[in-house]
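A.B. asks: Protein sequences, first through last, are from chains H and B.
Taking the working numbering, the leading residue of the first sequence gets 1, the next gets one more, and so forth.
Taking the working numbering, the leading residue of the second sequence gets 1, the next gets one more, and so forth.
Calculated from the structure, these hints are not laboratory results.
We put the CB at the ideal spot given by N, CA and C, even for glycine.
Mixed in with the good hints there might be a few duds.
[Stated by the list, open to error] Computed from the model, here is a short list of chain B residues facing chain H with C-beta under 7 Å:
#, residue
1, I294
2, L303
3, A307
4, D320
5, R393
There are 2 protein chains.
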Amino acid sequence: MGAGSPIGLADRWLAAALQTRIARGAVRLELWDGSIDYHGPFPAVGDMVVRDRGTLLGLLLHPNLYFGESYMASRLLVRGQLARVLEALSRTYPMTPKWHDHLTARLSRHNSIRASRRNVHHHYDLGNDFYQSWLDDQLVYTCAYFDTPDETLEEAQRAKLDLVCRKVRLQPGDTVIEAGCGWGALALHMARSYGVRVKAFNLSHEQIAFARARAVREGLAGRVEFIEDDYRNVTGQCDAFVSVGMLEHVGYKNYDHLSDVLSRVLRRDRGRGLLHFIGRDIPRPLNAWTRRRIFPGAYAPTLAEVATRIISPAGMSVLDVENLRLHYARTLAHWGQRFAGIEQQVRSRYGEQFWRAWELYLAASEAAFSTGHLQLFQIVFAPAESQPPYWKRADVYQPESPERWIAATR
Amino acid sequence: MGAGSPIGLADRWLAAALQTRIARGAVRLELWDGSIDYHGPFPAVGDMVVRDRGTLLGLLLHPNLYFGESYMASRLLVRGQLARVLEALSRTYPMTPKWHDHLTARLSRHNSIRASRRNVHHHYDLGNDFYQSWLDDQLVYTCAYFDTPDETLEEAQRAKLDLVCRKVRLQPGDTVIEAGCGWGALALHMARSYGVRVKAFNLSHEQIAFARARAVREGLAGRVEFIEDDYRNVTGQCDAFVSVGMLEHVGYKNYDHLSDVLSRVLRRDRGRGLLHFIGRDIPRPLNAWTRRRIFPGAYAPTLAEVATRIISPAGMSVLDVENLRLHYARTLAHWGQRFAGIEQQVRSRYGEQFWRAWELYLAASEAAFSTGHLQLFQIVFAPAESQPPYWKRADVYQPESPERWIAATR
Numbered sequence: 001m002g003a004g005s006p007i008g009l010a011d012r013w014l015a016a017a018l019q020t021r022i023a024r025g026a027v028r029l030e031l032w033d034g035s036i037d038y039h040g041p042f043p044a045v046g047d048m049v050v051r052d053r054g055t056l057l058g059l060l061l062h063p064n065l066y067f068g069e070s071y072m073a074s075r076l077l078v079r080g081q082l083a084r085v086l087e088a089l090s091r092t093y094p095m096t097p098k099w100h101d102h103l104t105a106r107l108s109r110h111n112s113i114r115a116s117r118r119n120v121h122h123h124y125d126l127g128n129d130f131y132q133s134w135l136d137d138q139l140v141y142t143c144a145y146f147d148t149p150d151e152t153l154e155e156a157q158r159a160k161l162d163l164v165c166r167k168v169r170l171q172p173g174d175t176v177i178e179a180g181c182g183w184g185a186l187a188l189h190m191a192r193s194y195g196v197r198v199k200a201f202n203l204s205h206e207q208i209a210f211a212r213a214r215a216v217r218e219g220l221a222g223r224v225e226f227i228e229d230d231y232r233n234v235t236g237q238c239d240a241f242v243s244v245g246m247l248e249h250v251g252y253k254n255y256d257h258l259s260d261v262l263s264r265v266l267r268r269d270r271g272r273g274l275l276h277f278i279g280r281d282i283p284r285p286l287n288a289w290t291r292r293r294i295f296p297g298a299y300a301p302t303l304a305e306v307a308t309r310i311i312s313p314a315g316m317s318v319l320d321v322e323n324l325r326l327h328y329a330r331t332l333a334h335w336g337q338r339f340a341g342i343e344q345q346v347r348s349r350y351g352e353q354f355w356r357a358w359e360l361y362l363a364a365s366e367a368a369f370s371t372g373h374l375q376l377f378q379i380v381f382a383p384a385e386s387q388p389p390y391w392k393r394a395d396v397y398q399p400e401s402p403e404r405w406i407a408a409t410r
Numbered sequence: 001m002g003a004g005s006p007i008g009l010a011d012r013w014l015a016a017a018l019q020t021r022i023a024r025g026a027v028r029l030e031l032w033d034g035s036i037d038y039h040g041p042f043p044a045v046g047d048m049v050v051r052d053r054g055t056l057l058g059l060l061l062h063p064n065l066y067f068g069e070s071y072m073a074s075r076l077l078v079r080g081q082l083a084r085v086l087e088a089l090s091r092t093y094p095m096t097p098k099w100h101d102h103l104t105a106r107l108s109r110h111n112s113i114r115a116s117r118r119n120v121h122h123h124y125d126l127g128n129d130f131y132q133s134w135l136d137d138q139l140v141y142t143c144a145y146f147d148t149p150d151e152t153l154e155e156a157q158r159a160k161l162d163l164v165c166r167k168v169r170l171q172p173g174d175t176v177i178e179a180g181c182g183w184g185a186l187a188l189h190m191a192r193s194y195g196v197r198v199k200a201f202n203l204s205h206e207q208i209a210f211a212r213a214r215a216v217r218e219g220l221a222g223r224v225e226f227i228e229d230d231y232r233n234v235t236g237q238c239d240a241f242v243s244v245g246m247l248e249h250v251g252y253k254n255y256d257h258l259s260d261v262l263s264r265v266l267r268r269d270r271g272r273g274l275l276h277f278i279g280r281d282i283p284r285p286l287n288a289w290t291r292r293r294i295f296p297g298a299y300a301p302t303l304a305e306v307a308t309r310i311i312s313p314a315g316m317s318v319l320d321v322e323n324l325r326l327h328y329a330r331t332l333a334h335w336g337q338r339f340a341g342i343e344q345q346v347r348s349r350y351g352e353q354f355w356r357a358w359e360l361y362l363a364a365s366e367a368a369f370s371t372g373h374l375q376l377f378q379i380v381f382a383p384a385e386s387q388p389p390y391w392k393r394a395d396v397y398q399p400e401s402p403e404r405w406i407a408a409t410r
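Extracted from the complex, chain H is given alone in its bound form:
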């Protein structure tokens, strides 16, 4: 079996089955002998070129895993814009068959501190210079917030940092705990622009080292403490708790730990918190290939899972939820463009498979957010018995009215 082997009757039959599914998305199938049997909409969005029989089978039986496996091994090629082809596919071709969903939905979501450390290392310790070569100038590796779709990535990441600070209504002198701080951009921004003191946690050794150097360089080391430890070991009390892009890595089975942390550290009288995370409309595992190759141990929860497993058991009320999925699609489009710009360096340093895996991961994520297969939620919450941090949410959007930031009174 493989490239060059002659196409048999069984191959034709399998190919027809696959072509029928993807034709609805206007994607053409080409087999390893160059043959095409497409009668879908014209013009096609792009081509899927299948280079051997095993790939054809994998794409029919478990596309969720084998699309990615074949793509990174160059046994599956795509012609046309990768993100557009993936969007077309995800609208019409169920990448996750339902039986597989049910089988794996509740599995492999337990992350011990040790497993978490390994998972984090897998992705985030690829080298700071790797991420520096395609992220924004502040190294923010989460969904940005675009005032308008044509804003630059740098502007949009700064706007996101501000949005988070304003949603939890930071006040000078507040103490803040950040769980999962990346390279420290948000922690430093909070200390620099809002006059708060921050304890920021992260399991990634490389990221923490980078963040500490940055704090020293900016003269903020006295106000931001970067701690190389798990969020479960957070101690002390704080006025605000923020976590941007960590919940995906916590794993469903550990939600009660996070809930305990919240109820322990957030001040009951005036605390408020924000979780920013990749979510779902209905419970289902992340794409199998993404879990295998990109984010081991990751899970994107529904709003209801977060509310019932984390926020309510901590004695907190949900104050505000915003879905920013289109902003994540835009962010990923920026990342994809920048990543394409460093193709040669990445190929030569990390190899062809790595390049193809990351190209696919960025494009598939963009497609998932733009088609609504993934959501991006920001949830603001506060202890049930405390006053919400603002009289009305509209104040978050009025930077010229700081007097409105006064706590709600009757």
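On the provided structure of chain H, position chain B as indicated by the hints.
C.D. replies: Same frame as chain H, but now just chain B:
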């Protein structure tokens, strides 16, 4: 047993048990012989005067029901500001014992169309002139939206109508379905100020008759159709679905019907919807007295219940959630003041018991929202595969920028 009967040892013991619980809220207990045995914080917030032994027992065994029953029968009096005393009690004295919660949490939430009609009639057909004598000038009987806490009720109700319209981004020519339209204020506002066509449903005969007359008077009868029918009989398709203050009356067991309605009527390509409802942090029944005397069949759901039972099964994504509980506390304070202003008319027309029941209902609701025992959620949602109605939520708060209302583009 009763007022005047001598206080025995058992009474003293029961009174001490009750006083211990409510002393933490600085509420004093006075028995039917005028005796007080209070050692709590000074000054006290107010007094609970218990006028007979049966009331004392009821307040210990099932306060959730007997506080209200005794209050409306004048067997329990309150000195001090009723809403403040109720706030103090609700912070310290669990009005609903947990065993009772579990017992009733999933019961009596099934409302057939016939039962719904009866439930609606019980509360909403008390006479339009009754509500006109204490609601705002537009007759809006749901949580208002106060730009600042000292705005008038009239201003705040108008602001709420606008907020709803802006959150679902009404455009001229849109078709709108409203489920549970009260006296028609929102439906008329949408047609008048946003140029849309509305079909508005309500089971209350008196309200529908009133709303129809209003539409004719305002020359809007051609654009707003008021339909005296259940939301389950909604037909057709619409660009926007709104329901303000109806979900509480739907009943948990009927959420799948509402979900079916949403998936049937909301256009998949560009529909968007809003549910505005009284909610909870954790699932529990409404106060037993409120269910018996004020809102038969009512249930205030959690965000998670609404997301998993209504929005997700309809194939919708949650785009935005706002918790406006302090705004409802403020609204209820206004209603309570206005209601106090018509005390003599209400007493003479409806009797003492009715007066006391409504006085309690308004004050207890204010207390529940101000202490966080009840929440007020507005949820915006849209079909999972469609584009969200705006690029960013901040645009809702920028009335000067209609060009931003253009559908999100990449």
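A.B. asks: Going through the earlier hints one by one, which of them does the structure break, listed in rising order?
C.D. replies: Those not satisfied come down to hint 1.
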